[in-house]
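Participant: In case you want the letters, here they are:
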Amino acid sequence: MKYIDEFRGEGPARGLAAAIAREADPAREYRIMEFCGGHTHAISRYGIADLLPASVRLIHGPGCPVCVLPMGRVDSAIELALEHRVMLLAYGDCLRVPASNGLSLMKARARGADVRMVYSTQDALRFARENPGREVVFFAIGFETTTPATAVAVLQAEREGLANFSVFCNHVLTPPAIAHIVGSPAQAPEVAIDGFIGPAHVSTVIGSLPYERFARDHGKPVVIAGFEPLDVMLAIRMLVAQLNDGRSEIENEFTRAVTPEGNLKAQRLVAQVFELRDSFEWRGLGVLPASALQLNQRYRAFDAELRFRLAPRAVPDNKACECGAILRGRKRPSHCRLFATVCTPENPMGSCMVSSEGACAAHYTYGRFRDAA
Amino acid sequence: MCLAMPVLVLELTGGDQAIVALGDVRKEVSLALVEDVQPGDYVILHAGYALQKLDRDEADRTLALFAALAQMEAT
Amino acid sequence: MSRSRKDWPRPLDFRDGRVDMTHGSGGRAMAQLIEELFLEAFDNQYLRSLNDQACLAVPPGRLAMATDAHVVSPLFFPGGDIGSLSVHGTINDVAMAGARPLYLSAAFVLEEGFPLADLRRIVQSMALAARQARVPIVTGDTKVVESGKGDGVFITTTGIGVIPEGVEISGDRARPGDRILVSGTLGKHGVAVMACREGLEFASHIRSDTAALHGLVAAMIDVAPGIHVLRDPTRGGLATTLNEIARASGVGMMIEEVRLPVSGEVAAACEFLGLDPLYVANEGKLACICAPRDAERVLAAMRAHSLGAKAALIGEVTEDPNCFVQMKTTLGGRRMVDWLSGEQLPRIC
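Protein chains in written order, with the working numbering: chain A, 14 to 386; chain B, 188 to 262; chain C, 1174 to 1522.
It cannot be assumed that every hint is accurate.
As the list claims (entries may be wrong) - For lysine-lysine, the following DSSO-like pairs were computed, each having C-alpha atoms within a straight-line distance of at most 30 Å:
| # | chain 1 | residue 1 | chain 2 | residue 2 |
| --- | --- | --- | --- | --- |
| 1 | C | K1483 | C | K1501 |
| 2 | C | K1483 | A | K15 |
| 3 | A | K15 | A | K278 |
| 4 | A | K332 | A | K120 |
| 5 | B | K240 | A | K15 |
| 6 | B | K240 | A | K278 |
| 7 | C | K1483 | A | K120 |
| 8 | C | K1501 | A | K15 |
| 9 | C | K1501 | A | K344 |
| 10 | A | K344 | A | K332 |
Quick caveat, the hints were computed from the structure, so don't treat them as lab data.
With the rest of the complex left out, here is chain A:
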């Protein structure tokens, strides 16, 4: 596969591993957070940690929109399907997220809910077109990579007069989440993270400019990395270099797909349809201001929360759950009492275990042999 296989080569991986080993100072620690769940997955799945010197520590961030989706929101989606009897459409990642009372969308389907998986919002529109007598709701989740697809669907639904189509919107934003992790500029030195691997595909849409403030105001370098393991390793090398030099800049490793301004057309479409929510709950992080989107005034008619008058539901996590600390880099999965005992991918207790890219799920599925050693 072109532009994929070449970014997974063993030869360059060894070359990068050697370069990083040479350039990293064994006397200090390089605490690097990869924000994006996709990067967490790539790191675990290729065993990249094995190729790095001990001084480089990778911390898995909260950039997994399934993981940070509060259980209460999944409960609402289930309510739409089971009680309001809508046709509920969702990406595959959502179907097994556990909600309250031992339910998930998948389990709700077993109880008769009409829940279907889609690959694209275009599929969602098609279902709405083909079922004019049914209410069809798209369960929209995702960061800025995925939001434009929902915007396109809403605009198309308006053009076509698809009155039976609506969106249950849970789109969230990346810079506010990073901001929450780094805290205020004054707090920055205490934050247990030295630099960030910036998300690949979010950056394709938003560009590299939105990260400038983290480098400038908080002194944390950010290197935007492509999705493949060699991209991640090159970005780590670039971060190590910055930290050695005492620089804090935004650098772009993923130059083949990311520009400073990003995809302006996608951004325009999103701005046309959505507006900022005052605040939104992120599982594991708490309520964050100005961190999520809702449909704006003009497109309220397509807002499922309004159409079906969904009541907000707050569902607290287990008190022993350490996701908050893990997401901020202060603890590791194996430090949590619940990890691999009560909390497993089959029975996740907190956001870090919910999808295969959460820090705990990735460690459990790909890396827990290291704890046993």
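Here the structure of chain A is known, so what remains is to put chains B and C in place on it, guided by the hints.
Facilitator: Relative to chain A, chains B and C alone:
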């Protein structure tokens, strides 16, 4: 929500749609989020939409860097 | 000697006819279905006697018996259908004991309203698969459930076979140092079915690999009767199979990603769907664990057989009280190949 991949645009099928290929697998996807895409271009595909055109010069530059690193290690 | 046709007022309408409740009631309609469809297709001396059982001659030795219910959806997919799958699947389960499959039975649960045209297609496919494998379907059963209580058709097949003297193949016989082999490329069946089921418009040519493996197994045992483990990696893929064996044997495993045979098409389809080929079902492949001294010979025997042309040695069994299956990645790092968590769903994340 990051899973995206570079795919080759094979043909434009009208109404903002195009047929793309990843290896031997073909699929019809939407170009609603990009502009100026032609058959022969590579685009980054996510959830049924092209998000950005792949800059092949930049891709080659990055690959050359990797090749140099592999070379250095081999010697 | 065939029954006189004048018992049936009209032949079964295989073009527009549908299964109805009378076809399962034990009366004339059912008898006609059995004769005109099942007997016609499976035709052998056992079935012709129209008894409720088959009386069989069985060679001396230990018997292996396996049963499998088949509920695949969609019923028809590139490379096969529920019929061929049900024949191959049970033959393979018997063969994984090293046994030579002898006879099959087939029980059908049909949903009222199921088109007879589709049923005939399935039954003919089973008949072909059984004939090619030289394993007759000697007895069977038919039931009909009300519309809405079934998924078109469910098929349960049971098979018996005889185990050659001196062959002891079992999931708990893997030992540290043993070599792990697979007979060919991974993931074809699961991707073919998923592409079909999800209505994915992939214009790719991935077909299910469904096949009867008893000939391949016989060739392998011929050169190495001391093979320790054989298993076909169906649901849950090779990862699940290796974990099952590791746990049963109380060992660990280390496989090498670079040695895993995966075709370019399956790799691309899995990439598209966010699937890991290690967890995707196969229906015409087997995994084999054998002593180091047998590995080269077994591999050669596999490669010489049409169903093992792409066979590969992928790793070895290790000492590990945790029974972890681990893998050295293409990049040289290490990861676990854990049990499948729930059903594998395509991710976009």
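Participant: Taking the numbered hints from earlier one at a time, note which ones the structure violates and give those numbers from smallest to largest.
Facilitator: Hint 7 is the one this structure does not satisfy, whereas the remaining hints hold.
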